[in-house]
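*Asks:* Sequence:
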Amino acid sequence: MGSLTDAVVLDSVTKRFGSQAAVNALDLRIPSGIIQGIIGPNGSGKTTTLRMILRIYQPDVGRVQVLGGWEGDAADDRVGYLPEERGLYLRMKVRDVLRFFAKLKGNRRPDADIQRWLERLDATEWSHKKLEQLSKGMAQKIQFIAAVVSRPELVILDEPFSGLDPVNMELLREAVLELRKNGTTVLLSTHDMEVAERMCDRIFMIYRGKKVLDGTMDEIQSQYGEPVLRVRMANHAMPDVSRIPEVESIHANKPYYELRMNRLAARGDILRALVQQGDVDHFEIAKPRLHDIFVRIANPSSEPVEETTSV
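Residue numbers 1 to 311, in this note's numbering, belong to the letters of the sequence shown in order.
Check the hints yourself; a few may be wrong.
[Said to hold, decoys possible] Okay, derived cross-link-like pairs now, SDA-like style, lysine to any residue, Cα gap no bigger than 25 Å in a straight line:
1) Lys181 to Asp192
2) Lys287 to Ile297
3) Lys93 to Gly69
4) Lys181 to Met217
5) Lys93 to Lys181
To be clear, the hints were calculated from the coordinates, so they are not data collected in a lab. The structure displayed is predicted, hence computed values, not measured ones.
With the sequences and hints as input, model every part of the structure.
*Replies:* Given below as C-alpha cells:
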C-alpha cells in the first residue's frame with residue numbers, strides 16, 4: 001500500500017500482451033518530490049510500466065496509485081508527459097502550441113508561465129516561429145515546456161536529453177532540477193546511465209518484466225559493488241600484482257589500472273606494496289558505475305537475474 005508521501009505506487013502489477021508478460025508482479029513506490037530514474041534495456045517492460053502510470057494501459061493484475069488515487073484516466077491535469085517520440089503540431093507557432101497544451105491541462109492563463117519557460121530555456125526568439133522551422137534540439141525544448149507549463153505535480157520524461165548538444169542538455173538538466181526544487185515529482189526514463197547517476201535521487205531498473213534494482217545510487221553501489229582500486233603509477237607502467245595476494249585481478253582502464261581485491265584486503269597493505277615498485281600518482285577506492293552494473297545485469301549471456309526488493 002502507498003502512503004501520503006508516495007507520488008506513485010505499483011502494487012503487484014502484471015501486464016500481459018497475449019502470452020507474454022511485459023511486466024510481472026511488479027512492486028514499486030516512488031516518493032513525492034524526487035527525481036526517480038527508470039532504466040532498463042529495450043523490451044524490458046519499461047515503456048509498459050510508464051504507460052500504466054499514465055493510465056494509458058490498465059494492469060491485468062494488481063493496482064496502480066498515482067498522486068493518491070487508485071482510479072483515474074490518462075488525461076489527468078496533474079500529470080505532464082514528454083514522450084520519447086515527439087509530437088507537436090508543426091504548422092502552429094511555438095507560443096500558440098504552448099497555449100494549446102497549457103489550456104488542455106487546465107492552465108487557463110498560461111502566458112506568464114510560457115514566457116518564463118521560454119526565457120529559462122533560451123527559446124524566446126523562436127516563440128513566433130512555426131514548429132517546422134525549429135531545429136531538433138529547439139523543438140525538443142519546446143516539447144519539454146509543453147509538458148511542464150501546466151504546473152503538473154508529476155512529470156514523466158522519456159529520454160528528454162536525446163540528441164541535445166552539451167549546452168542545451170545542461171539547460172534542460174537544470175530545468176529538471178528546478179522542477180524537483182519546487183516540489184514536482186519527476187520520473188526520468190533514460191538509456192544514459194551517466195545522466196541517471198548524476199541526476200536521480202533513486203533509480204529503478206526493470207529487466208525481463210521484473211524489478212532488479214531499486215534504491216539510491218549509494219545503496220545500489222553497496223549491493224552490487226566489489227572492492228576496486230584505481231591506480232596510476234608515475235611511470236605509467238602496469239603494477240606488478242603477482243606478489244600482492246590481496247589483489248585478485250587487474251585490468252587497464254586508461255589512464256588508470258583497476259585492481260579488483262578480495263573483500264578482506266587492507267588498502268594500506270596494497271598501497272605499501274605498490275610504493276615499493278615506484279611512485280604512485282593516483283590511488284583511490286572506485287565505486288562501480290551504473291553503466292557497469294546495468295551491463296552486468298542485462299548482459300544477454302548472463303544468468304537470469306532474481307527479482308530484488310528495495311534497498
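*Asks:* If a hint holds in the structure, say so; if it doesn't, say that too.
*Replies:* Checked hints:
| no. | hint | verdict |
| --- | --- | --- |
| 1 | Lys181 to Asp192 | holds (22 Å) |
| 2 | Lys287 to Ile297 | holds (17 Å) |
| 3 | Lys93 to Gly69 | violated (36 Å) |
| 4 | Lys181 to Met217 | holds (19 Å) |
| 5 | Lys93 to Lys181 | violated (30 Å) |
Hint violations for this structure: numbers 3 and 5, all remaining hints satisfied.
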